[in-house]
Amino acid sequence: MVAGVAPLLVIVGPTSSGKTSFAIKMAQKYKGEIISADSRTIYRGMDIGTAKPTEQDIKKNPHHLINIVDPDQRFTVADFKKMATKTIDEVWNRGKIPIMVGGSGLFIDSVIYNYSFGRSPGQHDRESLNELSIEELQAKCKELGISLPENSTNKRYLVRAIEVGGLSKKDNVVRDNTLIVGIYNERTELKNRIERRLEQMLQSGVIEETKKLSKKYGWNCEPMKSNIYRSLRGYLNDEIDLDQAKQEIIKSDIRLAKKQMTWFKRNKSIVWGVPDELEPIIDNFVKKIN
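Under the numbering used here, the sequence shown has 133 at position 133, and the numbering climbs by one with no breaks.
Hints are supplied without guarantee of correctness; some may be wrong.
As the list claims (entries may be wrong) - Distance condition first, Cα-Cα at most 20 Å in a straight line; then the derived SDA-like pairs of lysine to any residue:
hint	residue 1	residue 2
1	K215	I48
2	K211	L236
3	K25	P280
4	K29	K288
Hints listed in this document are in silico derivations from the structure and should not be mistaken for laboratory results.
Please model the complete structure; the sequences and the hints are all you need to start from.
Take a look at the structure:
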């Protein structure tokens, strides 16, 4: 291990893979603190629809970088990288192991590859970007030499990539003292997990949460365009029934999981496996840093 560089355990995986529960288990076992790397759980009030850790989970182990901005506030990957890097050092200085967990590949890569960013544009620039089509934004990324984000057909992701000036500088290797593991699920198992999680969300009151958020922030607020809230909008507006909304959400989550896996598979440093296979690998990592 390299002296002076805080160790970091990173747990990745697609939506509904079970990475959060595994991270909590590892945090309890190894006296760690969890740093969320999720582009949706950063928003206050979006609790059920983003599968945010419960109050009970947070009581078991400290969680960082959740509930840090309102849905109508701007938050970039550059903001995340700055906050996450600071938090990693703070956790380690407290004698705890930093455990970063999430499915947002760009957030995670910004930390483990030490991204740096260009200038942040002004409000006028952002308004101009939002007026462009998906195809125009993709072309602008190419023109500026900016890598397309993990969801290259999502306007918010494209605008965000351009806003931070692109991933202009990064290390070619993963930061020192870092272990990255990925939760692997068979396709059928993952689909079942997505379906079960949706039923849990519905039982927990995600429809009421969506009503409340839409009244407060409106449907044009970018976080409200994410999978579950977008589909429930159709249901609440009597455009589709609940079964149709559920099928839309499941299909959207499956597409999201595929995109997330495409992103993660490019990183050859990730050790993939089921939790029982990954735990001994993490155990060896922890022994080396203690």
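Against which earlier hints does the structure fall short, listed by number upward? Of the numbered hints given earlier, the structure breaks none, since each of them holds.
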